[in-house]
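Undergrad: The numbers in the sequence shown follow this note's numbering, run straight up by one, and end at 404.
If you are wondering where the hints come from, they were derived from the structure by calculation, not from laboratory data.
Hints are not guaranteed to be accurate.
[Claimed, not checked] Each computed SDA-like pair below joins lysine to any residue, with the alpha-carbon atoms no more than 20 angstroms apart:
#1 Lys335 <-> Cys362
#2 Lys384 <-> Ile349
#3 Lys335 <-> Ala351
#4 Lys335 <-> Pro356
#5 Lys335 <-> Ala366
#6 Lys335 <-> Ala368
#7 Lys384 <-> Ser344
#8 Lys335 <-> Val355
#9 Lys335 <-> Ala354
#10 Lys384 <-> Ala354
#11 Lys384 <-> Ala352
#12 Lys335 <-> Val348
#13 Lys384 <-> Ala366
#14 Lys335 <-> Ile349
#15 Lys384 <-> Cys362
#16 Lys335 <-> Asn382
[Unchecked claim] Taking CB as the label site, the calculated pair distances span:
#17 Glu330 <-> Leu374: 29 to 39 angstroms
#18 Arg359 <-> Glu330: 15 to 25 angstroms
#19 Gly331 <-> Ser376: 34 to 44 angstroms
#20 Glu333 <-> Gly373: 26 to 36 angstroms
#21 Leu374 <-> Ala350: 11 to 21 angstroms
From a predicted model like this one, the values you see are computed outputs, not experimental measurements.
For every residue, glycine included, the Cβ atom is placed at its ideal position computed from N, Cα and C.
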Amino acid sequence: MHLWQRAEGRECKMVTGIDDHSRYGVIAAAVAVPNGRAVCDVFAAAMADHGLPSEVLTDNGKQFTSRFTKPRSAQGPGVVDL
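Using the sequences provided together with the hints, build the complete structure.
TA: Quick look at the structure:
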């Protein structure tokens, strides 16, 4: 048995997010499949509850790769179009 296991025996993964300044937990959600779509859905819900962040820092997991993005040089490095 794993720590993050649902009642029907299937595993799930935690998506978490904190405010770096206050250390307030903004996101805490269990997802069945830890892919980019699940992360986007959870992040969109957090933005609806708490507003848009001025910056997002990630752990560079594969859910955050830029496979489907292109750089927006007009806004500076690190800003992307989806």
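Undergrad: All hints are to be evaluated individually against the structure, with a verdict given for each.
TA: Outcome of the hint check:
1. A C-alpha spacing of about 14 angstroms is found between Lys335 and Cys362, which places the hinted pair at or below 20 angstroms, so the restraint holds.
2. Straight-line distance between C-alpha atoms of Lys384 and Ile349 comes to about 18 angstroms, which keeps the hinted pair within the 20 angstroms bound.
3. For a cut-off of 20 angstroms, the pair hint linking Lys335 to Ala351 stands: about 8 angstroms separates their Cα positions.
4. Among the hinted pairs, Lys335 with Pro356 is consistent with the structure: their alpha-carbon atoms are about 6 angstroms apart, no more than 20 angstroms.
5. Annotation: proposed proximity of Lys335 to Ala366 holds, straight-line Cα distance about 18 angstroms (limit 20 angstroms).
6. For the hint pairing Lys335 with Ala368, the CA-to-CA distance comes to about 17 angstroms; that is within 20 angstroms, so the pair holds.
7. Annotation: proposed proximity of Lys384 to Ser344 is violated, straight-line Cα distance about 27 angstroms (limit 20 angstroms).
8. Between Lys335 and Val355 the CA atoms are separated by roughly 7 angstroms; this keeps the pair inside 20 angstroms, and the hint holds.
9. Straight-line distance between C-alpha atoms of Lys335 and Ala354 comes to about 6 angstroms, which keeps the hinted pair within the 20 angstroms bound.
10. Distance restraint check for Lys384 and Ala354: the Cα-Cα separation of roughly 16 angstroms lies within the 20 angstroms cut-off, and the hinted pair is therefore satisfied.
11. With a C-alpha separation of about 17 angstroms, the suggested pair Lys384 and Ala352 falls inside the 20 angstroms cut-off, and the hint holds.
12. Using a Cα cut-off of 20 angstroms, the hinted pair Lys335 and Val348 holds, with the two alpha carbons roughly 17 angstroms apart.
13. Only pairs whose Cα atoms come within 20 angstroms are accepted, and Lys384 paired with Ala366 is accepted, the gap being roughly 18 angstroms.
14. For a cut-off of 20 angstroms, the pair hint linking Lys335 to Ile349 stands: about 13 angstroms separates their Cα positions.
15. Simply put, Lys384 and Cys362 have alpha-carbon atoms about 13 angstroms apart, close enough for the 20 angstroms limit, and the pair holds.
16. For the hint linking Lys335 to Asn382, the alpha-carbon distance of about 16 angstroms falls within 20 angstroms, and the restraint holds.
17. Roughly 36 angstroms separates the CB atoms of Glu330 and Leu374, a value that falls within the hinted 29 to 39 angstroms.
18. The hinted range of 15 to 25 angstroms is satisfied by Arg359 and Glu330, whose Cβ atoms lie roughly 21 angstroms apart.
19. For Gly331 and Ser376, the Cβ-Cβ distance of about 41 angstroms falls inside the hinted range of 34 to 44 angstroms, so the restraint holds.
20. Checked against the hint of 26 to 36 angstroms, the pair Glu333 and Gly373 passes, with Cβ atoms roughly 32 angstroms apart.
21. For Leu374 and Ala350, the Cβ-Cβ distance of about 19 angstroms falls inside the hinted range of 11 to 21 angstroms, so the restraint holds.
Checked against the numbered hints given earlier, the structure breaks only hint 7 and satisfies all the rest.
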